[in-house]
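Protein sequences, first through last, are from chains A and B.
Numbering of the first sequence is given in our numbering, commencing with residue 92 and proceeding in unit increments.
Numbering of the second sequence is given in our numbering, commencing with residue 92 and proceeding in unit increments.
One should not assume that every hint holds.
The list treats identical chains as one, so a pair stands whether inside a single copy or across any two.
[To be verified] No farther apart than 25 angstroms at their CA atoms in a straight line, the calculated lysine to aspartate or glutamate pairs in the DMTMM-like style are these:
| hint | residue 1 | residue 2 |
| --- | --- | --- |
| 1 | K215 | E157 |
| 2 | K273 | D222 |
| 3 | K273 | D103 |
| 4 | K293 | D99 |
Simulated from the structure, these hints should not be mistaken for lab results.
There are 2 protein chains.
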Amino acid sequence: MTMSLSADLWPDVQPEAARRLMLAGVESFARRGYHATTTRDIASGAGMSPAALYVHFPSKAALLFEISRNGHQQALALVREAAEEADSPVEGVRLIVERFVTWHARRHTVARVVQYELQALPEKEFEVVADLRRGIERIMRDLVVRGMESGDFTVADPGTAARAVLSLGIDVARWYSERARKAPAVLGEEYGELALRMLGAKVD
Amino acid sequence: MTMSLSADLWPDVQPEAARRLMLAGVESFARRGYHATTTRDIASGAGMSPAALYVHFPSKAALLFEISRNGHQQALALVREAAEEADSPVEGVRLIVERFVTWHARRHTVARVVQYELQALPEKEFEVVADLRRGIERIMRDLVVRGMESGDFTVADPGTAARAVLSLGIDVARWYSERARKAPAVLGEEYGELALRMLGAKVD
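Turn these sequences into a full structure, and let the hints steer you where they fit.
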C-alpha cells in the first residue's frame, strides 16, 4: 500500500527507497510539523535505519526540499498544461482551477506540507521553490489580464484577483479530508464556476 | 512595544503577564511550529522563568488553547456583529468578508497559529474550538441561503459557496506579511466585491 502510493505520488523519483522516505517525511511533517520531526522518525516510518536515510538525503532539510520542489513542479506543470490546452482565458481559468483544486483535495496531505512548511526551507532552497510559485502566479495573472483585454473578465486589480483564485485552491489542502462529502473532481468543477464568477465572466 | 501589542491583541486577558506569554507563544509557534516549541522557549521569549509560565498556564497545550479559543472568539464576534448590523444578505456578506479579511491580514501571525495549529489541540479543547468554527460557518451559510431565497444570490451549493467565501479570508493569513503592497482594509474591500461576485450577486 505504502509502496504503490509513493510511486503514484512521485513517479519520477528513483529509487523506491527514496520515495518511501519522502512519503514517511510527508506523514511526519503533516502530523507534527517539520521542526519536531527527527530523521530517526522518518527513517523508522519508512522501515529503514537512520544511516539508510542519509544514503538518499543528506539532511532532513534536503528531504523537505525534495518534497516541496516536486510538489511545486507538479502544480506548475498542471497549471501550464491547462493554460496551453485552453483556447480562451475563460477556458484556461476554468481548467486550471478544476485541476488545481482537484490536486489539492486528492493530495491534501502532501499539499499541506508543500504549502505550509515553506518557511522551514533553507534560503537557497526556498528561492528555488519561490521561483516555481511565481511561475504559477504569473500564468494565472497573465490569463486574467488577457481575459480583461478580450472583454471576458472585469476585474479591479488582476494581481489581487489572480491570487484570490489560487487561494481558493490552496486552502482546500487545509480543510479537505477523506471524510469530506465531495469527491475531489466534483469540488474542482464547482470551484471552477466560482472562480470564473469572481472574475466577472458571464458563465450562467 | 511587546506590552502594548499584547494588550491590543487580547484586551480581555488578565493579567499582563498572561498576555505576554500568549504573545511569546504565538511568535514561537508561528516560527517553529507548536511541537518544536518548548515551554522554556516561550517563557524566555516573554522574559520570564519556566516556573512563572506555569503560574498562568498549566501546560503548553493550555497556552495554545487560550490563543486559539481567543482568536476564534474574536473572529466569531466580528462575523456575528457584521451579520447583525447588515440589513440584507448582500450587505451581510460584504461586511463579514471585509472585516474577516482585514482581521486575517492585520493579525496574520496570530491568525496563522489560530488556523493552522488546530490539530495540535487536545481532543476536548479541539471540540470547543471546532464549535466556535461551526458558529462562523453557520452564520455565513445562513446568509447565503437567505440571499438565495431573496433572489440576491444564485449558488449551486450553499455549503460549498459559504466555505469558499471564508477560505478566501483564511488563506490571507498564509500569504500576508508586512511587505504586502495592500493595506489590510483595502484588501478587505476588494475581497468583499470578489465574494459577492462568487455568490452571483449583482454588484456592478
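Evaluation of the provided hints:
no.: 1; hint: K215 - E157; in the structure: within (13 angstroms within a copy, 36 angstroms between copies)
no.: 2; hint: K273 - D222; in the structure: between (32 angstroms within a copy, 22 angstroms between copies)
no.: 3; hint: K273 - D103; in the structure: neither (29 angstroms within a copy, 40 angstroms between copies)
no.: 4; hint: K293 - D99; in the structure: neither (37 angstroms within a copy, 44 angstroms between copies)
Checked against the numbered hints given earlier, the structure breaks hints 3 and 4 and satisfies all the rest.
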